[in-house]
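Asks: Listed below are the residues making up each chain.
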Amino acid sequence: MSMRTPLCLLLALCFAQWAVAQTEFERGRYLAAAGDCVACHTAANGRPFTGGRPFVTPFGTLYSTNITPDEKTGIGQYTLEQFTASMHRGKGLHGNLYPAMPYTSYRLVSDEDIAALFHYFMNLPAVENSPPANRLMFPANLRFGLSFWNWLYLDDEPLAQPEGKSAEWQRGNYLVNALGHCGECHTPRNFAFAMKGAPSMGSDEYLAGNVLEGWDAVDIRPHALRRQGWDRAHLQELFTTGSSERGTLFGEMYRVVDHSLRHLSGDDRNAIITYLLDESEPLPAVPNNTGAASERFPQGRGDFVAYCAGCHGRGGGGITLAFAPAMASNSSLRADSAHNAVAVILRGLPAQRRDRIQARAGMPSFHRELDDERVAGLVNFMRTAWGGARQEVTAADVAEIRRALDDEGYLTGNDQ
Amino acid sequence: MGKISVTMVVNGDKVGPMEVSEYTSMLDFLHEYLNLTGTKLGCGIGVCRACEVVVERDDGSLEVVRSCINNVGRFIDKKVTTVEGHARRNADGEIEQLAPIQQAFLEHFSFQCGWCTPGFVNAAMVLIDRLKREPVAAEDLEATISEALQHHICRCTGYVRYFRAVKDVIESTPGLVKSEG
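Protein sequences, first through last, are from chains A and B. Count the first sequence with this note's numbering and you get residues 476 to 891, in order. Count the second sequence with this note's numbering and you get residues -1 to 179, in order.
Any given hint could be a false lead.
Listed next, with one range per pair, are the computed distances between beta-carbon atoms [to be verified]: (1) B/T35 with A/N520: 53 to 59 angstroms; (2) A/A870 with B/D138: 36 to 42 angstroms; (3) B/S19 with A/P523: 48 to 54 angstroms; (4) B/K130 with A/L758: 51 to 57 angstroms; (5) B/A141 with A/S622: 45 to 51 angstroms.
Not close to chain A: a few residues of chain B, all C-beta gaps over 10 angstroms, as computed [claimed, not checked]: (6) R64; (7) N68; (8) G71; (9) R131; (10) S170.
In short, the hints are calculated from the structure, not lab data. We put the beta carbon where it would ideally sit given N, CA and C, even for glycine.
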């Protein structure tokens, strides 16, 4: 046997591998990860894509649907045209979809990508599962009313593709605004729960941050990201692992990394970062003002030493990323809004377990022990010491956040 | 390094005022300044719960606080109970009678090396205190015990025996479980 045979075999194998990666099914799977479909269409501990995750809104509770190809309870009866109508215009076979389904963003997904997604979902195992019925108040329970909502709020402008931007930027633009539907959480909403502004409208409020489930889905406009200390390397790390020296992710955004961002190709993550940072200039590192902060907020410093330094380090340097992140240069302290810095002290964080070897310790909640005055002092000390804060937090600010969190049932943490 | 003046009540005795480094962990304070070595250092990063001590809240209810990750400043003017503080003692400080939960852990052979035991004792004491205030329905008891003790790590794997001991004590103490009907 000549040497050529195994070599050819090897080449053929490599080619087969490459060809597999290009199948419509694989492409659909990748796009479904980019769109983070699984996050909403899976109940807690439920089978992926079979629906049933509750969404509590001021109008009542909605449940996500089964998007496996089951004929009775899933999307088995959908044609590609009907699937496209649901993705682009929120038109389901049973009537209008509620805009909890982000068709307001998915409308920008290309027909080619929709077809791949359709192919993927239609080739998943069909699972019979009916999520609970929605419990909505009148008139939100009438689906035809959504036609009016769509008429008012469903934008029909194509994705803006400004000239002079790189191909990478344009790819990021598409990933962030269409499949990634980042704006759905990171954009303030009006009284009817429509996003204020959209990429095609050039609104200042688009991606300007929004408090959701008691956390601030932060301002992710370029200058805000820079102010919080984000650069390409740190964002790459954050989007791959959920942690970085600039801070760690928790709540829904941790799951976005887990289900979506870390599965993207490095090129696509880079494109997202190129779009998000745009052409903003890196900012100088925030100087350490521990001395000045200690003088201005002695009680806050004392509380930091007593309550926080055991894990977050004497100089705010943290212990390890997986355990307690550094406070020095932490993006939550550098952000204009102090919401997350206050909220995390009040409510704590649950431990996060990704797999058998990767886990993150939780954080105790201090809402019982620290009053508004002391939380304000603590946050002011940290923001002044390591965040370059321009504005102080008052006890009244803390009281307001505490009240809102308490009303929504987020202050139940009892772990010390 | 800054010093702070510490006063508190530990196991019923007033402590301080005494000057200690502000970065002294509560665990080190108990060991090095009060000679109370029953509280154990396990992981040192707040995960294993061996180091938990009992702290009285303003409303008189009890909670457990990890002493390895909290510095002594957090405990100023608080009432703290460590594993040394639960048994009944005579005037000479000798143990007359263990707390029921301690006795139950012995009878159930709950522990082998005993390193995690102070944490289990303290967490169980806090659970019993909570159930005195808010009794639980019998069918919820097992879930309640699991929820209260689930974070405690026992390398000798005495979990089932700890669990049975705690359940025994709760079931044999009147008023902790809601009577039916």
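Asks: For every hint, state whether the structure bears it out.
Replies: Each hint tested on the structure:
1. B/T35 with A/N520: 53 to 59 angstroms: Roughly 43 angstroms apart at Cβ, these two residues miss the hinted range, so it is violated.
2. A/A870 with B/D138: 36 to 42 angstroms: holds (38 angstroms)
3. B/S19 with A/P523: 48 to 54 angstroms: holds (52 angstroms)
4. B/K130 with A/L758: 51 to 57 angstroms: Holds, at about 55 angstroms.
5. B/A141 with A/S622: 45 to 51 angstroms: Check passed, 46 angstroms falls within 45 to 51 angstroms.
6. R64: The assertion about B/R64 is violated, with a minimum of 7 angstroms to chain A.
7. N68: violated (6 angstroms)
8. G71: Not fine: 3 angstroms to the nearest Cβ puts B/G71 too close to chain A.
9. R131: Answer for B/R131: holds, closest chain A Cβ roughly 14 angstroms.
10. S170: The claim stands: B/S170 keeps its Cβ more than 10 angstroms from every Cβ of chain A (closest is about 26 angstroms).
The structure does not agree with the numbered hints 1, 6, 7, 8 stated previously, though it agrees with the rest.
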